[in-house]
Structures are given as C-alpha cells and as structure tokens.
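Q: I would like the entire structure built from these sequences, with the hints used as guidance.
Line by line, the protein sequences are chains A and B. Using the numbering used here, the first residue of the first sequence is number 1, and each one after it goes up by one. Using the numbering used here, the first residue of the second sequence is number 1, and each one after it goes up by one.
The set of hints was computed from the structure by calculation and includes no laboratory data. Take the hints with a grain of salt, since some may be wrong.
Unchecked claim - Once the Cα atoms are required to be at most 20 angstroms apart in a straight line, the calculated EDC-like pairs of lysine to aspartate or glutamate come out as:
hint: 1; chain 1: B; residue 1: Lys233; chain 2: B; residue 2: Asp307
hint: 2; chain 1: B; residue 1: Lys207; chain 2: A; residue 2: Asp15
hint: 3; chain 1: B; residue 1: Lys133; chain 2: A; residue 2: Glu130
Only a predicted model underlies this, so the values are computations on that prediction, with no experimental measurement involved.
As a plain string of letters, each chain reads:
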Amino acid sequence: MKISEILDKNGRTPDKLISSLLEYQNSTLCNYLTEDDLREFAEETGIPLSRISSVASFYSLLSTESRGKYIIQVCYDVPCYVNNSVNIVEELEKNLGIKMGQTTEDELFTLEFSSCLGCCDKAPVMQIGENLYGNLTRDKIISILDSYRRKNNEQ
Amino acid sequence: MNSNELTRKMLTKNFGVINPESIDDYIREGGYSELEKAIKLDGKDIINEIKISDLKGRGGAAFPTGLKMEAVNQADGFPKYIICNADEGEPGNFKDRYLMENDPHQIIEGIIICAFASKINYGYFFIRGEYIKAAKIVENALEQARARGYLGDNILDSGFSFDIEIYTGAGAYVCGEEFSLLATLEGRSGRATYKPPFPTICGLYNKPTQINNVETFCNIPHILKLGGKEFKKIGTVSSTGTKLVCLSGNIRRPGLYEVELGTTIKDIIDELGMGVPRNRKIRMVQLGGASGPVIPESMLQIRLDSDEMRKHDMSFGSGAIIVMDDRIDILDILKRNIQFFHHESCGKCTPCREGLLQILILLDRFIDESAKESDLQLLEILIETISLTSICGLGQAAPTSVKKVLEYFREEFTDRIHTTASAVK
Ligand SMILES: Cc1cc2nc3c(=O)[nH]c(=O)nc-3n(C[C@H](O)[C@H](O)[C@H](O)COP(=O)(O)O)c2cc1C
Ligand code: SF4
Ligand code: FES
Numbered sequence: 001m002k003i004s005e006i007l008d009k010n011g012r013t014p015d016k017l018i019s020s021l022l023e024y025q026n027s028t029l030c031n032y033l034t035e036d037d038l039r040e041f042a043e044e045t046g047i048p049l050s051r052i053s054s055v056a057s058f059y060s061l062l063s064t065e066s067r068g069k070y071i072i073q074v075c076y077d078v079p080c081y082v083n084n085s086v087n088i089v090e091e092l093e094k095n096l097g098i099k100m101g102q103t104t105e106d107e108l109f110t111l112e113f114s115s116c117l118g119c120c121d122k123a124p125v126m127q128i129g130e131n132l133y134g135n136l137t138r139d140k141i142i143s144i145l146d147s148y149r150r151k152n153n154e155q
Numbered sequence: 001m002n003s004n005e006l007t008r009k010m011l012t013k014n015f016g017v018i019n020p021e022s023i024d025d026y027i028r029e030g031g032y033s034e035l036e037k038a039i040k041l042d043g044k045d046i047i048n049e050i051k052i053s054d055l056k057g058r059g060g061a062a063f064p065t066g067l068k069m070e071a072v073n074q075a076d077g078f079p080k081y082i083i084c085n086a087d088e089g090e091p092g093n094f095k096d097r098y099l100m101e102n103d104p105h106q107i108i109e110g111i112i113i114c115a116f117a118s119k120i121n122y123g124y125f126f127i128r129g130e131y132i133k134a135a136k137i138v139e140n141a142l143e144q145a146r147a148r149g150y151l152g153d154n155i156l157d158s159g160f161s162f163d164i165e166i167y168t169g170a171g172a173y174v175c176g177e178e179f180s181l182l183a184t185l186e187g188r189s190g191r192a193t194y195k196p197p198f199p200t201i202c203g204l205y206n207k208p209t210q211i212n213n214v215e216t217f218c219n220i221p222h223i224l225k226l227g228g229k230e231f232k233k234i235g236t237v238s239s240t241g242t243k244l245v246c247l248s249g250n251i252r253r254p255g256l257y258e259v260e261l262g263t264t265i266k267d268i269i270d271e272l273g274m275g276v277p278r279n280r281k282i283r284m285v286q287l288g289g290a291s292g293p294v295i296p297e298s299m300l301q302i303r304l305d306s307d308e309m310r311k312h313d314m315s316f317g318s319g320a321i322i323v324m325d326d327r328i329d330i331l332d333i334l335k336r337n338i339q340f341f342h343h344e345s346c347g348k349c350t351p352c353r354e355g356l357l358q359i360l361i362l363l364d365r366f367i368d369e370s371a372k373e374s375d376l377q378l379l380e381i382l383i384e385t386i387s388l389t390s391i392c393g394l395g396q397a398a399p400t401s402v403k404k405v406l407e408y409f410r411e412e413f414t415d416r417i418h419t420t421a422s423a424v425k
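A: The following block contains the structure:
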C-alpha cells in the first residue's frame with residue numbers, strides 16, 4: 001500500500017501517525033522505514049520531519065534499518081531467562097547462521113531480542129510476526145524455522 | 001489450604017465458560033446487567049459505591065480508584081477522556097492479556113460505567129503493539145457492544161453517549177506510564193514529564209482524563225453487583241477484593257491465578273504452582289515484575305496485603321510472582337533486570353539514563369570479582385539517587401531489586417569484593 005492510501009484511510013492527524021507508520025512498515029518487503037518514507041510522511045501530514053524521525057527511532061516495533069521478511073523476537077526477560085532462553089538463542093543463531101541483531105543473507109529472517117512478550121507462563125517464548133511460540137525446545141525451533149522456510153518457498 | 005480453597009474466581013469466572021467473541025455468552029452469564037442498572041443511577045452514587053469498596057488500582061501503584069474517579073468527576077474541563085491502560089509490559093505480567101483474550105466485555109462494561117459516572121463521552125483502549133490477538137478480540141467486542149447499543153449515541157435510551165477507540169502502541173515499556181502513554185496517544189514519542197498536575201486534571205490534550213488498568217476496570221461491575229460494603233469484605237482491611245496473580249519462573253505450574261487478597265506468597269507457590277520442579281530449593285522470589293522487590297525463601301509467609309508489605313518497605317505491584325531456584329546467580333538476574341530498564345529508559349532524565357548504565361558497570365565488577373569496598377558504597381548512593389531524582393516511575397522503581405538484594409542477600413555483594421587475600425588465592 002502507498003503511504004498516501006494509508007493516510008487517507010487512517011487520517012493525517014498526529015494521533016494516527018504511529019499506527020500509520022507501523023501499518024506502512026509492515027507492508028514493505030524489508031520491514032523498515034527509509035529516509036524517503038519518513039520524508040513522504042512529513043509532506044503528507046504536515047508534521048515536522050524531525051518529530052517523525054524521533055517517533056520512528058523511539059519505538060521498538062518501528063525500524064529504520066533494513067530487516068528480513070520474518071522477524072524473530074526472542075524474549076530475554078527473567079521468567080524466560082531462568083527457563084533457558086539462552087539455549088534458545090544459541091539454537092537460533094546456529095540454525096540461521098547469524099548472530100543476534102543480524103539478518104540472514106537471503107533476507108528471510110532477522111533475529112532480535114525482545115522484552116517480555118506477556119507469555120511468561122509458557123517460557124521460553126519467541127514471536128515471529130503475529131505468531132507466538134512458547135515452551136520452546138531445540139527440536140521445536142528447528143521445526144518452526146523449517147515451516148517458515150517452506151512457507152516462503154511455496155509463495 | 002489446598003488449591004481449590006485458594007482460588008477465588010470473580011474476574012476470571014467466565015474464563016473457559018464463555019466464548020470471548022460472543023457478546024451473547026457474556027450477557028447470558030449476567031453481563032451488562034450492571035451497566036443497565038448503573039445508567040439509571042446518579043454518577044455520584046456510583047463513585048460513592050466504588051469509594052466504599054476501597055478498590056485500589058491494579059496497575060501497580062495501588063491508588064484508590066474511587067478517589068481518582070471523584071477527581072475526574074469534579075474537574076473542570078470539557079471534553080473529558082477515559083483510558084484503559086492495556087500496555088502491559090512489565091516482565092512477568094500477562095494478566096491483562098488473559099483478561100482481554102478471555103472476557104473482553106467485562107472490561108468494556110467497567111469502562112462504560114466509569115464513563116457514565118463522570119459524563120465522559122470518549123475513551124481509548126490502549127493496547128501494547130505486541131498483543132495482536134488481544135487487540136483483535138477487543139476490537140470485535142467493541143463492535144458487538146456498539147451494535148447492541150451499549151456504546152455509541154444515546155446508550156440504552158439514557159441520553160448518554162460514549163464510544164471507545166482502540167489504540168495500539170508500538171513497543172515501548174515506558175508508555176505504560178501515564179504521561180508517556182498520553183504523549184503516544186497524541187502522536188509524540190512517549191517521553192514522561194513531571195507530575196503534578198495529574199492526568200485527572202490535565203490529561204489527554206490537557207483535559208481531565210481517567211486512566212486505569214484493565215484489571216481495575218474489571219472490578220467495577222462486580223462492585224456494583226455486590227455493593228461496596230460486601231466487596232470490601234473480600235480480602236483484607238488494606239487490600240480489598242481479589243487479585244490476579246501471574247506465576248512464572250522456575251515453577252511446576254506457571255499460569256494465571258485469581259486469589260483473595262491476603263493470601264500468602266507461599267500458598268500461591270506451593271499449592272497453586274505446585275512448587276519448584278525437581279524438588280529444587282527456592283533461592284529468590286521477585287514480586288510485581290522487574291521493578292519489584294525480591295525476597296528470600298524465609299519471607300514467603302508474607303501476604304498480598306499492602307499494609308503488611310509496607311512494613312518491609314515493599315508492595316506487590318501488579319501481581320507477578322517470579323520464582324527462581326537455587327541454580328540462579330542472583331547478580332546475573334539483577335543485571336538482566338537493570339538491562340531491561342536501561343534499554344527501556346526514554347532517555348529524558350540523567351539519573352535514569354546514565355545512572356542505570358553505571359549500575360550495570362558496577363554489577364559487572366562484582367560479577368567478575370574485581371569490585372572494591374568503595375564500589376559497594378557507590379552502588380548504594382547510585383540506587384538512592386536514581387530512585388529519588390528520576391522523573392518518572394520507570395527510573396524511580398528500576399533499582400528496587402538491587403536495593404532489596406543488598407538488604408536480604410548482602411553477602412552476594414560482600415563475598416565478591418576483591419581483597420588481597422582472594423587475589424593471592
Ligand atoms: C514505567 C511504567 C510502566 C507502567 N506500565 C503500566 C502498564 O503496562 N499497565 C498499567 O495498567 N499501568 C502501568 N503503569 C502504571 C500507570 O502509570 C498507572 O499508574 C496505572 O495505569 C493507573 O491505573 P490503576 O490506578 O488502575 O492501577 C506503569 C507505570 C510506570 C511508571
Ligand atoms: S525516569 Fe527514565 S523513563 Fe522516566 S523520564 Fe527519566 S529517563 Fe525517561
Ligand atoms: S519473560 Fe518472556 S514472555 Fe515474559
């Protein structure tokens with residue numbers, strides 16, 4: 001969707017800015033907002049570019065750096081941490097061949113830490129896009145990643 | 001007490017009983033009948049009933065809800081707003097997500113009753129961006145409520161009009177703090193500001209605004225149903241009603257439980273959570289979440305009761321209980337806690353932004369046993385400074401766990417001070 005279309009739908013007032021930025025970002029291929037995108041938002045809404053940039057860099061769900069198609073967020077707060085989230089991160093890094101914060105070469109996955117995802121009763125937990133995965137084990141991770149690879153191949 | 005006697009289902013009574021997507025199910029279980037009654041009452045009488053119940057906010061700060069409602073009711077200014085704070089982000093908490101996903105109409109009924117009591121015509125349901133499923137369920141529930149005439153113009157032919165809009169956050173823990181939440185709603189980056197004035201007087205767009213936690217709103221219909229006096233009989237003198245408890249960490253049966261306030265932490269862990277797996281020993285328990293106090297096993301008899309907790313200079317916050325067994329390194333856990341706050345700090349004020357970083361540096365010194373005696377004093381001064389001089393609750397509460405470890409597990413620090421003796425070894 002184009003920026004102007006999203007703004008036509010949501011409105012151009014400041015209170016709609018964050019949700020429109022999110023909606024637009026999620027519709028892009030690489031899950032991020034470019035300088036040009038931010039400038040276009042500024043022109044379309046009349047909100048100063050500096051303010052839009054500050055919003056885009058403040059919120060963790062918004063990114064100004066290129067990311068993969070699927071963003072894997074691993075919870076790293078204490079309830080998950082004491083349930084071996086460290087091993088989960090290790091397994092993910094090994095399987096994907098990247099380190100935390102990086103994107104795979106084929107631009108399919110980005111690996112990120114996340115604050116508590118509100119599923120501590122299913123620790124350790126990770127989220128990929130809209131999907132939450134709990135009670136993670138090494139085996140589960142392998143099959144989850146494979147399912148995303150398959151899904152991508154089918155598309 | 002066994003687990004059946006410990007559970008007291010009030011806010012969770014519909015869980016698993018109703019389909020959260022169906023307003024008919026909610027109505028079948030008696031839902032919206034308190035709104036139907038309330039709408040014929042005088043707003044002041046509703047607020048009075050809440051005051052009598054002595055309900056205190058469930059978002060962490062335990063502010064008396066009736067007083068907050070009264071302040072908004074009496075404030076000059078038009079329009080007034082009401083906001084449901086569903087930004088749940090404190091590590092260890094998931095109760096608000098469960099409430100939204102299992103019984104959304106209960107929350108909505110509570111909000112409408114409060115709005116009616118103070119003649120508020122517009123509300124926001126502020127949900128954290130990560131809670132995608134919860135947001136969908138609430139959105140659906142709002143549409144259903146509108147279709148039935150519980151929301152919108154001239155609600156139930158009372159002449160009162162009110163609607164609620166969903167707003168989803170974009171991933172920032174600090175936005176759960178009232179002013180930061182308001183800044184986000186106004187489309188600015190969510191940085192906190194000094195209080196007072198409080199949002200009840202000067203909130204959204206500088207208008208009087210009532211902000212309450214999800215669980216707080218859920219209590220409203222129950223209070224009207226029972227009457228403030230009956231409600232007050234549940235719980236203890238200083239903490240009335242039930243409490244949703246999020247049990248997590250090293251525990252056999254993690255999950256959400258509803259108990260009467262006044263229940264001991266020990267009962268919750270042993271009876272509801274079935275204790276620690278593989279019969280390990282409990283090393284430490286953290287209450288409320290990352291910003292909450294920690295206690296040793298010897299203190300588990302403490303009850304969920306404001307007065308009792310205050311004697312130990314602590315509170316139970318939003319109701320999380322994080323159990324940690326004897327394999328943990330306490331300082332490592334403290335480091336995780338402080339890293340969380342350092343990452344989530346909005347960066348506006350120096351004590352929080354820089355002070356937390358300094359705590360991390362000091363913690364590392366103790367962890368690798370290169371700390372000096374003076375580092376301990378430095379740490380204590382830092383904790384005091386950050387708690388006293390930070391602008392908002394994030395910074396003020398961030399060092400709580402470190403402070404409590406210094407109180408209850410001091411040897412964790414003193415044993416790791418570098419001495420010439422240990423250097424020789
Ligand atoms: C950093 C920070 C984060 C907070 N996060 C939340 C939250 O996620 N949900 C919530 O209800 N209250 C949160 N609070 C407390 C709110 O500021 C406020 O006290 C609460 O929403 C009031 O509602 P209550 O009186 O019903 O508890 C937070 C406070 C601080 C300082
Ligand atoms: S205490 Fe921390 S989060 Fe709060 S205003 Fe200061 S820097 Fe921001
Ligand atoms: S700590 Fe991982 S989901 Fe809460």
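Q: A separate judgement is required for each hint: does it hold in the structure or not?
A: Now for the hints, and whether the structure bears them out:
1. B/Lys233 / B/Asp307: Cα-Cα ~16 angstroms, so holds.
2. B/Lys207 / A/Asp15: Measuring from Cα to Cα gives roughly 15 angstroms; hence the hint holds.
3. B/Lys133 / A/Glu130: Given pair B/Lys133, A/Glu130 holds - Cα atoms ~8 angstroms apart, limit 20 angstroms.
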